Amino acid sequence: MHMADALLSPAVGLAMDAVAVAAVGVSAAKIKKDDLNEKKIPIMGIAGALVFAGQMINFSIPATGSSGHIGGGILLSGLLGGFPAFLSIAAVLVIQCLFFADGGLLALGCNIFNMGVVPCLILYPLLFRPLLKGGVTAKRLSVASVASAVIGLEIGAFCVVLETLFSGITELPFSTFAALMLPIHLAIGLVEGLVTAAILVFVHKMRPEIIGASLAGQKLAAAVPVRKVAVVLVALTLVGGGALSLAASGSPDGLEWAIGNAFNRDDPEAGLGQFEENAALSSVAEGAAGVQENTAFLPGYAFASDGENPAGTAVSGIVGAAITFALACAAGLIISKVKRRKNAEASA
Amino acid sequence: MSNIHGSLGELHALDALAAGRTTVHRLHPLAKLCSALIFILAVVSFGRYDFLPLTPYLFYPFILMALAEIPYGILLKRVLVALPFCLFAGLSNVFFDRETAFTLGSVTISYGVLSLLTILLKMYLSVMAALLLVATTPFVELTAQLRRLRVPMQFVTVFEMTYRYAGVLLLETRSMGMAYALRSGGKRALEMRHMGSFVGGLLLRGFDRAERIHAAMRCRGYSLRTVPRAPRPLRGADVWALAAIVTASAVLRFVRLF
Chain D
1 MHMADALLSP AVGLAMDAVA VAAVGVSAAK IKKDDLNEKK IPIMGIAGAL
51 VFAGQMINFS IPATGSSGHI GGGILLSGLL GGFPAFLSIA AVLVIQCLFF
101 ADGGLLALGC NIFNMGVVPC LILYPLLFRP LLKGGVTAKR LSVASVASAV
151 IGLEIGAFCV VLETLFSGIT ELPFSTFAAL MLPIHLAIGL VEGLVTAAIL
201 VFVHKMRPEI IGASLAGQKL AAAVPVRKVA VVLVALTLVG GGALSLAASG
251 SPDGLEWAIG NAFNRDDPEA GLGQFEENAA LSSVAEGAAG VQENTAFLPG
301 YAFASDGENP AGTAVSGIVG AAITFALACA AGLIISKVKR RKNAEASA
Chain E
1001 MSNIHGSLGE LHALDALAAG RTTVHRLHPL AKLCSALIFI LAVVSFGRYD
1051 FLPLTPYLFY PFILMALAEI PYGILLKRVL VALPFCLFAG LSNVFFDRET
1101 AFTLGSVTIS YGVLSLLTIL LKMYLSVMAA LLLVATTPFV ELTAQLRRLR
1151 VPMQFVTVFE MTYRYAGVLL LETRSMGMAY ALRSGGKRAL EMRHMGSFVG
1201 GLLLRGFDRA ERIHAAMRCR GYSLRTVPRA PRPLRGADVW ALAAIVTASA
1251 VLRFVRLF
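For the protein sequence lines, the chains are D and E, in the order given.
Just so we're aligned, residue 1 is where the first sequence starts under my numbering, counting upward by one.
Just so we're aligned, residue 1001 is where the second sequence starts under my numbering, counting upward by one.
There could be a bad hint or two in this list.
Beta-carbon label-pair distances, calculated as ranges [said to hold, decoys possible]: (1) D:Ala346 x E:Leu1182: 47 to 53 Å; (2) E:Pro1233 x D:Ala213: 54 to 60 Å; (3) E:Thr1100 x D:Leu186: 37 to 43 Å; (4) D:Leu186 x E:Arg1235: 50 to 56 Å; (5) D:Ala344 x E:Gly1236: 52 to 58 Å; (6) D:Asn343 x E:Leu1204: 48 to 54 Å.
FYI, nobody ran anything at the bench for these hints, they're computed from the structure.
Since this is a predicted model, take the numbers as computed values, not measurements.
Glycine included, C-beta positions come from ideal geometry on N, C-alpha and C.
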């Protein structure tokens, strides 16, 4: 479920990054108020490390012969409480991004939202905790874990679909993408929920105070801040989205470029002119409508059908790119070689 | 559970690379962080069919890798991790977007293929930028820089401890897994019904261990409020490197070679 930079547009990536930064800031502030601050942080670290170790533990899923591994948002929330769990998950995601290339640097905001904010800051206070209101029992713990894990993963997967579609990098139709992602994550969520339940029930049996404390800690903090977090998140998304769409409409880049390019790869500006002539648009409003209409089935009227044969320019472009590639390789190789020789001389 | 040893090695491989002493390693962490972010932003902001204009960006990873004396294999293996999802999204373009972009002799290249190639190139470039950042910046310097940027210390500390404890817990997991395998007649994977007690046990052991380590650290004067080392000032070389990367990224973004 980790999203990559390559599938994101800068607007979506940056907006979600802003949301993630706000969520981390609010969570850190919440924990600071807690007296147990100092003692709790190593526990949070080890809980994050557990998510790593957990991913290495393969377990066999009964009757299927396949194996799965645990994810963690609801598990950590049950052990630590929502805000500390969120910080741990965020730390895990940063490490996965930096050291394992699992999810990109720009995509961190999306990943932290889908896998951190959703389970820890939304589902834990709104679903997990209310389900345990009548006192913690093994049965209630199991129901709460499975329900929260399944719903959390489904929402997260749906967010992946939305973020990808808003970025506009893939051609996958919305319904197809959703129909692929949601059932897969329903199954994963079910397994994750069962594993989470098993672990939480075991911990509750051995050390009931751990889960009791996380629930109690959350209770002290839950009065106002959850609403505050929600408000901050919504505001940031709106501001980010608004500012970025303004920027998008104001700049002659992006969309128009793509259209211009589709019409005339040599000279996109002329291409844009052609496009506008073709469309014979009189008013600005109609122009905008035309742009939208045309982007929907945009991909290139020009080239193949166009008599003016852009194949020549395509070939020269490809040759240019190949030369660039070769030059970049050569630069790397030469530097390596020079360095190696220098190092050899130094050690000799 | 046999792959635990491998992932332990993987976890520390980049940190080991970061201990180098090349020109790139000596740059200020802030300069490296900013240039990686701006590079990724520039790459990602290209349109979906812009395969050709993106190729000059390959200079960044190639030159940096050579300057930092980093072997290709280690980073390439990690790039592959990001591959499946991008490939899936990219391949769907091939099926949904069959309009011909151009023809090369008798071979027609469709827009779908062009966008698949663009996604893969973007993936390679963005992943390499992030990996090169960690492969040339020691973990301690990176977190110190985050603190100086006023990232909440609660988060930075959790980040550090997660990284440090990951190795500890992986070792613990390995010995528990071996014990489980020996007593269960050589099963390869854990049974689902033992999952709760296995991971739960691991967790409780981990909690105790974390508390012991933390107490030991406190005894030796550790505190969350420990004043970090005085930061190294930005030198001329740092500013020049950052300026060069930012200018190159921006120029290649707005002036198209192809």
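Results for each hint:
Between Ala346 (chain D) and Leu1182 (chain E) the CB atoms are about 50 Å apart, so this pair conforms to the stated range of 47 to 53 Å. Against the hinted window of 54 to 60 Å, the Cβ-Cβ separation of Pro1233 (chain E) and Ala213 (chain D) comes to about 45 Å, which falls outside the hint. Judged by the Cβ atoms, the range 37 to 43 Å given for Thr1100 (chain E) and Leu186 (chain D) holds: they are separated by roughly 39 Å. For Leu186 (chain D) paired with Arg1235 (chain E), a C-beta distance near 54 Å keeps the hint of 50 to 56 Å intact.
At about 30 Å, the beta-carbon gap between Ala344 (chain D) and Gly1236 (chain E) misses the expected band of 52 to 58 Å. The hinted window of 48 to 54 Å between Asn343 (chain D) and Leu1204 (chain E) holds, with their beta carbons roughly 49 Å apart.
This entry does not satisfy hints 2 and 5, going by the numbered hints stated previously.
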